[in-house]
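S.K.: With the sequences and hints as input, model every part of the structure.
If you read the sequences in order, they're chains A and B.
Under the numbering used here, the residue at position 26 of the first sequence is numbered 26, and the numbers go up by one with no gaps.
Under the numbering used here, the residue at position 230 of the second sequence is numbered 230, and the numbers go up by one with no gaps.
Everything labelled a hint here was simulated from the structure, so no lab data went into it.
Built from N, CA and C at the ideal position, the CB exists for glycine as well.
Treat the hints with care, as some may be off.
Said to hold, decoys possible - Cβ pair distances, simulated, as ranges:
(1) E173(A) x R283(B): 38 to 46 Å
(2) T144(B) x E212(A): 42 to 50 Å
(3) D28(A) x D49(B): 49 to 57 Å
(4) I226(B) x A85(A): 33 to 41 Å
(5) E133(A) x S47(B): 26 to 34 Å
(6) A95(A) x A145(B): 50 to 58 Å
(7) A54(A) x D49(B): 29 to 37 Å
(8) R193(B) x D28(A): 55 to 63 Å
Said to hold, decoys possible - To spell it out: a stretch of chain A is covered by chain B in this simulated footprint if at least three of its residues, at any positions, have a beta carbon under 8 Å from a beta carbon of chain B; those stretches are:
(9) 183–192
(10) 196–207
(11) 214–221
Protein chains: 2
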Amino acid sequence: MKIVSLVLCAGLLSAGAVAADPLPSWNDTGSKQAIIAFVDRVSTAGSVDYVPPAERIATFDNDGTLWAEQPVYFQAIYIADQVKALAPRHPEWKAEEPFASLLKGDMKGVLAGGEAGLAKLAMATHAGMTTDEFERSVSEWIATAKHPGTGRLLTEMVYQPMLELLAYLRANEFKTYIVSGGGIEFMRPWTERVYGIPPEQVVGSSGGLAYEVRDGKPVIVKTTGIVLIDDKEGKPVGIQRHIGRRPIAAFGNSDGDLQMLQWTTAGAGPRFALYVHHTDAEREWAYDRESHIGRLDKGLDEAKVRGWTVVDMKQDWNRIHP
Amino acid sequence: MKIVSLVLCAGLLSAGAVAADPLPSWNDTGSKQAIIAFVDRVSTAGSVDYVPPAERIATFDNDGTLWAEQPVYFQAIYIADQVKALAPRHPEWKAEEPFASLLKGDMKGVLAGGEAGLAKLAMATHAGMTTDEFERSVSEWIATAKHPGTGRLLTEMVYQPMLELLAYLRANEFKTYIVSGGGIEFMRPWTERVYGIPPEQVVGSSGGLAYEVRDGKPVIVKTTGIVLIDDKEGKPVGIQRHIGRRPIAAFGNSDGDLQMLQWTTAGAGPRFALYVHHTDAEREWAYDRESHIGRLDKGLDEAKVRGWTVVDMKQDWNRIHP
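M.R.: Laid out in structure tokens, this is it:
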């Protein structure tokens, strides 16, 4: 009841309307309390920590933060099909990582290259396609693609508590962004429908693009160049390039998000950083310091030292997927 | 007071109330009629040409379209001071264009390199500064920088009819973007105040950025790399990278905007393209096919063939600056 009345007050303050618990999938633990306290602080007019709506930028990692990332990044499933289809035309891939591992079916070998390796696969296989063609390809694929373990649609492997968090922040006039190591063109076709995040608020690893006129029709073609690996040090760079303002809140789940959380919290005024810690082997997966995917090691240490919020999925979330 | 009530009225218009003229600085000629007819078509619910607000993306060139660009791009004035200050440390600049021309005071020679040359100057002189330092430097400079000819503040050399157009489009739920050959970090510190366009809706020529920790504090440093020359073919690329949707309306004044207008109008459904033609030697400047700055040659021909709107500043605008 305490939380409900707290939330009522927050709702009344920001929108002037009565509201129920905006985060029903979150248990009443410290993580939820920290989120609500922060949002109240920055959105209460007259508060010493008030932040104007235009500056309420919140950035979210995608893989492992907004949707699952085990047993492999979901984009890797999409890319694997394309690499296999294109392999006959690229004999050199047999000796070049991470292509070689992928073609042998050795996903561990592929993942050893991290998100940078996956970005390399993505860029290599997508080069030559127009952005319109690529968008159609992703849209068609994601409409039916299912998780190899659960059999659910990949777009249903999103985290219900994080969907509620996105909506709660937007209701309090935050602008929510994705800042992910995943490919920017891979995410944009479906993030608006799934997360309510429009294409222009998606930042991701980016390949080269070239404007051409083909058969009298202007097209934009994906090239082999790599413009941004939006992981680790690349995340603050992607934020600066695309948003041009420092976020006041950032959400991640791995060491790949550490620099984004550092950059966000190093700004003046109220700041919020949150790590999703995958601790639920029964309802989801449990992994951190030793994982090839979504390793959370340095970040976990730094979160403790700096007092960042660490979500214990098992304890803090009463529901995982919608 | 006029502007305030104007903007208020534009807001009422979209909300279904009676409104005054939202474009009072535009004479009642074909250009104004074409703008209003297009906005009505895409924003009238139930119309066959209705476009959902999320897809109402409008992109504007800056130099020569939103503010003046004669006798030199205004960013060049900023950069010139920096090049002069740094020249003693760069003896090689004496033999390298466009540095050599600039140091000799030969602005025509500098401009011969086009926007790409200016971008090169910008990247070279800004490298090593943090983005925070650069933002402060630009903000301080633009607060007092005056036009060499008119003596007015550079931020007052904006076009009143275009300010009205920006407000009119936003009142009709368009999202307005700048897509300029100018430096992205040069524009962002002041576009919100001057045009109502926030940093995240500014696309421009972009240099390399690197995340570093200096003295225990995270910073983003400008490097010498060039990530995007946001001119000509670079404009559709910048649009795709930053916005991820094709605009339905685009506004420019030179051949550097031609590909943006082509890309915009090549999409399906209702599209709008407009060129500002500088025809007013008395109140502003008159230039087109032979100009080193803002050359409008191929674009003028293509506009005629394709029926794009061409603003005749002398005939169409009853007021130039605020």
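S.K.: Look at each hint and say if it fits the structure.
M.R.: Hints, verified against the model:
no.: 1; hint: E173(A) x R283(B): 38 to 46 Å; result: holds, 41 Å
no.: 2; hint: T144(B) x E212(A): 42 to 50 Å; result: holds, 44 Å
no.: 3; hint: D28(A) x D49(B): 49 to 57 Å; result: holds, 50 Å
no.: 4; hint: I226(B) x A85(A): 33 to 41 Å; result: holds, 34 Å
no.: 5; hint: E133(A) x S47(B): 26 to 34 Å; result: holds, 30 Å
no.: 6; hint: A95(A) x A145(B): 50 to 58 Å; result: holds, 57 Å
no.: 7; hint: A54(A) x D49(B): 29 to 37 Å; result: holds, 32 Å
no.: 8; hint: R193(B) x D28(A): 55 to 63 Å; result: violated, 43 Å
no.: 9; hint: 183–192; result: holds (count 4)
no.: 10; hint: 196–207; result: holds (count 5)
no.: 11; hint: 214–221; result: holds (count 3)
Checked against the numbered hints given earlier, this structure breaks only hint 8.
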